[in-house]
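For reference, the chains in residue letters:
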Amino acid sequence: MLLSTGAGLGWMALSSLGGRAHAASPPHFAPKAKRVIQVFCVGGMSHVDTFDHKPGLSQRNGKSFDMPTFFGQGGNLMGSPFEFRQRGQSGLWVSELLPNLARSADRLTVIHGMVSKSANHMPAVAQMNTGFILNGFPSIGAWVTYGLGTENADLPAFVVMTDPKSQPWGGNMQWSNGFLPAAVQGTAFANDGDPVPDLSNPKGLDPGARRDGMDWLDKMNRTYAEMHPGDSSLDARVRAYELAARMQLTVPGVADLQRESESAKRLYGLDRKETESLARNCLLGRRLLEQGVRFVQIYHGGGGKSWDAHGSLITNHSGMAKEYDQPVAALIEDLHARGMLRDTLVMGVTEFGRTPVSQGAGKSAGRDHHPDCFSCWMAGAGLKPGFAYGGSDEVGYKPAGNPVTIYDFHATALQLLGLNHEKLTYYHNGIRRRLTDVHGHVIEGILA
Amino acid sequence: MSCPQVRAVALSLSRALAAVCLPAMLAGADLEPAAAEILQRRCITCHGPKLKSANLDLSTRAGALRGGIKGPALQPASAAGSLMLARIDAGQMPPAAPLPASEREVIRQWIDAGAPWSSAIQEKRAGPDWWSLQPLKRSPAPEAGGKSVIDRWIQTRLQQAGLKPTPPATRRALIRRLSFDLLGLPPDPAEVEAFVRDPDPRAWERLVDRTLASTHYGERWARHWLDVVRYSESEGFERDSLRDNVWRYRDFVIRAFNEDKPYARFAAEQIAGDVMPGATRDSVTAAGFLTLGPTDAVGLTSAVEAEREAVREDMLEEMLGTVAQTFLGLTVNCARCHDHKFDPIPQRDYYRFRSVFASVWPAIGRDESLIDVQPNSMPLLTPPEKAERQQTIASMRGRIAELESEIAALYRSARPASARPGARVFARWTFDTDGRDESGEVHARIPAKALLVDGGVEAAPGSETVVITTTPLKTEVREKTLEAWIRVNQLPTKAFTLFELRNQSGYRGASVDGMQFSAGQSRHWENFSIGRFRSENPGGGAEDTAPGRLLHLAIAYTKDGRIHQYRNGQAYGRPYLPEQGTPLAKLQTYFQGDAIARFTVTPGMRIEEARIHASALTPAQIAASFAAGIVNHTGTELRARMSSGDQARLGKLESELAARQKELAGLPTPEPAWIPSIRPAPASRILQRGDVNRKGDVVAPGGVSCVKGAAEIDLAADAPDAAKRLKLAEWLTADSNPLFWRVIVNRVWQHHFGAGIAENANDLGYNGGQPSHPELLDELAIEFRASGGSLKALHRIILLSDAYQRSSRFDPAAAAKDSGNRLLWRFSPRRLDAETARDAMLTASGLLNPKMSGPGFRPFDVGNNTGSYKTYTPADSADPEHQRRTIYRMSVTSAGNPMLDALDCPTPSVRSAKRGSTTTALQALSLMNNAFVQRQAQAFAERLKRETADPDEQVRRAFAIAFGRAPAEWELAGSRALISARGLGTLCWGILNTSEFLYAE
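As you go down the protein sequences, you meet chains A and B in turn. By our numbering, the letter at position 142 of the first sequence is numbered 142, and the numbering carries on one by one without gaps. By our numbering, the letter at position 21 of the second sequence is numbered 469, and the numbering carries on one by one without gaps.
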């Protein structure tokens, strides 16, 4: 990845990263994690039905509870219809919705009592990605790429995979480079056809014609660059075409899941209809990480079908969890088996939780958006495994102690990657911008 | 949104941080710099010599010892006795973010070590003496250096730095440079040759004038402006719905540039063009600038009021932030939560500025007084036209209402006395001859899809579900009964809501109470009550009424929150019982002026009569009502009962009514445009820490106090919107406002040279840095102001300078001293921006469609998801509309375009002062394989074949079109070989991918 800008400021440039294997920028301090894979449960995964065990909520089931809700249809408290059990050596609570993740509980670090700034999907997803609820800010993947560069110039450094059934709210705004250089934007791998936009040569193109055309172009561009010494972007263009050609060779191989063993495919759930699409993305994600991709972001759910259980919590969350549980657990176990979990950060996030009170009643009862308390998890490098941090009140309405902000969550992720969230800045429109705005404290309590 | 309190030292420059993270390892000598770094980052912005919050100045040891209003801050060698550490340890300071433990530890050790403090900590912020805030000042220009004042200043700085400028560029290079710069298009080969051969010594000047006169100039420079004003044609956020009429603003900008509209007028129209005296449709369109930003349409409908308010505050910050950055180059938006950390902008100024725009809303919602039919738009009318239309519509509607009332009275007088309303009900619709309320004024409007037949209302043939709505209630309703007589020929298969009361106020959770059918259980009636969730199936049994028989349904809402349903006079299932003590399940209020009634008819089901009672009828009353039944009267029957005089009068009234309705429907529809919608707003209050729940003092509208010179805006806090914006426009564009003139001159300079005199065109405050040639900037600003704000005159001055005409030849010796070329020893070559690259390809291929103005082309497919949210997938098309210049591409926030994005096209809706210029493998892939590029390469080849059959000529022609020059011998040979081996298409593809094609030097 090559970049030139005329900004002339003291920010670090991702310049001349092409060609060499370890052309990444040095981090601020020794990193625990070298790469990230994030699975985003779009729509709002209910904390009180997955990781945040609330016997008090069940005891007060049906009791009234006065709280404002986004749709203004708040009913009474509703205990989780799903059974919780303590799992593994660690005794981490995980509900029956996630049996596979439950078996991996000893590798998870669950963070309870998180808070978001918006009760509305798009801004809340945006905050989880960018720290801001407004449009136009860089995604965490873009920040990390900006801070650390890439390990493999033949592949995009920040890869995004969306749910084939529907896009997340906000679409490509969610993996935008914002005001950072375009080079760090997320590359959305298509669910069919070319994984990378314009990767394949046009259909019917004679490969010989392309080869000769590229030779002619190379000569022209080299000559032009030689005639303009001192304009490094012209050399960079020559290299960019070489890289592009290599990417054309590399990406299809990396993206080819047929190269995986049958047992790996089964582990992720490629053989089952409900798990197939997320399994595909998780397995591809792991392959990309192996090849040096810095940041992989996978969306589960989107505007069409998501974890947004306003009605029929049981049907919705059971269905979504069936799609989610096995591939994600397989990803963790697979990374572990390959020795990669120790320097890979896995993050399971959602934009907000769901209300302890019901929305609707009876079989169709669901839960409304709840940004005031929810749970996310991390796993891997530098974290205390089998550990739950923070907590919520008796019914999961508010954090029990200090809330964990998304800024804190981001600050911690950056810290694990060797980046100081207060130092990873970019000057834009009068402000040295950060992923964490003016907030954020590293959650020291979850660090190993 | 807020901004960093710290001006963090860039990573690559500072390693002090590593030390901060490991306090235990600090030796005495390292303590001072570490502590100084923390003080500077964390404390000095407030407790520095400029702001001196709490009268405390921590920039010097003396200041710390003297302390502030709470006493001395520092007691050397005693951390425990030092107030500053006590405040830090208590988490009180800094207020927004407590210090991490490691930093506290550094401060503690440093104080205990005696607080060594060898020099004052420099404050990093601007005061009122900051350069950009000073009045424009003409400095005597140096005498040597050239004819142009530009060159004299530039030459002086070059000489001071010991630099020599490069020689003038060739004419071939110059015309290409100028053409891309002013028009965004490559020059025509014939023009290149003519200019190169032009013997006139004033050939350049004449070329500049000719080029400035081209209408392509407006298309090119409008794009720069659209970047700054975050031009977008969709609302962003969750739905990202299209805004179909924003293109008029784009056309306004193109026209303004082409007509060289005086800059102050151009600015004023964008601030207040919709309310200014002598407003034109053009100026009204210009005001759309204010609301080009994204709209969180879903957030605005939150049931939580504080959330709606916060969303609105974000919108206002976006709006006023854009105004301030666009015209003042100041980040006023940073002062929303606190005084600006770097510039002398107190929080109070933010809220004064906010007050000016408090009534400005995007054109969402409808204005019934104007019959506004298109979503995301307002009728494009000047204030007098608007007033006239409102008056015309109101008078037509008034006459229609009179006629309807007279007609209704005639029909009612013809009814037998027994059929006239007996017991007083709140509202009653017989649907005999109209939708009028027989006992009150809640009239239903019968839509065209419904028919009044045989004394009832039903769906017109061919219509599916038809919803009939009423005018709003005139008095509020709490306890109530809804009653309806219906006739069912065929039970509807789909769920529907027969009859409901609904608060309209637009927010999620608006109350609804009504009766619905087949909602949860097929063929069952249920109460339908949202807003405090109370919908429930009462278990009343499946509907089995005989076809054609009258069916009576009623639902009563009692004071204690119960809901009772009845069918044919009998209780239907069990009542809904709110749980004791549940505040959420209470009886709802339906507000006057807000709530309406709604009825639904479906094929096979008609409503014969409906009533609302403002009380919960008892079971006995319901039974009696059912027993009394209803009498239907048809229009024919009633007309037959009328006297011949009344019949004649009715005929006259009805024909006038039809004529009037036709007249109203036939009113010409004004063109829709994206212009502000003005809504009443309370006086602006300071929000502490920007929090809508912490409202402080009311403030009057105002400009920004650090901008001296312009007269203060002297208006009351509750001044009307028009007055506030007109005054602000006057303040902003005043001759005496130095920022207004400096900012635009700097922007123009930046686009000509690639970098501004001040490098950050959107920020001339502290963080924007110092200008490279301040005197020159002022000189040009003064000239520009004196010219009446003529941008073309400004371009001319710049383009005629030697500095602009220099060669871009690289000089290692000069680069060693000034690698960024800030002093302009050469002309920096630049890659074409995304739009220009695309337009240049279209020019080479000959496919460019020169059509100007009008709605843009849409290079995407629109996908519908659940709800109202859209997805956009890029789509290439050979349609001529899609071969227009890229500025006519519809700019949709979430509709990316892989090729344009890879060429650093910014996201619409983001203010962008300057384009990036990155080089990536993905960019190369796009240029190699994108379907658009393939098409252009093919068309380029076909064009060449049409023009000449000789391969050598084809190569020469291709080079002339793409590069403005002849091929060298080796290029000719190589290209000829490529054509013969792989065809002309391959060569054309190669040309479009060359650096030379994509760069202007």
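No wet-lab data here; the hints were simulated from the structure. Any given hint might turn out to be false.
Now the stretches of chain B that chain A is said to cover, found in silico as 3 or more residues with beta-carbon under 8 Å [to be verified]:
| id | segment |
| --- | --- |
| 1 | 748–754 |
| 2 | 1213–1223 |
| 3 | 1357–1365 |
| 4 | 1375–1384 |
| 5 | 1418–1427 |
The following label-pair restraints were derived from C-beta to C-beta distances [said to hold, decoys possible]:
| id | chain 1 | residue 1 | chain 2 | residue 2 | range |
| --- | --- | --- | --- | --- | --- |
| 6 | A | 304 | B | 575 | 51 to 57 Å |
| 7 | A | 165 | B | 937 | 39 to 45 Å |
| 8 | A | 165 | B | 754 | 22 to 28 Å |
For glycine and all other residues, C-beta sits at the position ideal for the given N, C-alpha and C.
Tested hints:
Counting residues of the segment 748–754 of chain B whose beta carbon lies closer than 8 Å to any beta carbon of chain A gives 3, which meets the minimum of three for the stated coverage. Under a criterion of three residues with beta carbons nearer than 8 Å to beta carbons of chain A, the stated coverage of the segment 1213–1223 of chain B is upheld, 3 such residues being counted. Under the rule that three or more residues need a Cβ within less than 8 Å of chain A, the assignment of the segment 1357–1365 of chain B holds, with 7 such residues. A stretch counts as covered by a chain when three or more of its residues have a beta carbon under 8 Å from one of that chain; for the segment 1375–1384 of chain B and chain A the count is 5, and the coverage holds.
Here's how the segment 1418–1427 of chain B fares: 4 of its residues keep a CB closer than 8 Å to some CB of chain A, so the rule of at least three is met and the hint holds. In this structure, residue 304 (chain A) and residue 575 (chain B) meet the distance hint of 51 to 57 Å, their C-beta atoms being roughly 54 Å apart. Hint check: residue 165 (chain A) to residue 937 (chain B), Cβ distance near 41 Å, so the stated range 39 to 45 Å holds. The beta-carbon spacing between residue 165 (chain A) and residue 754 (chain B), approximately 34 Å, falls outside the hinted interval of 22 to 28 Å.
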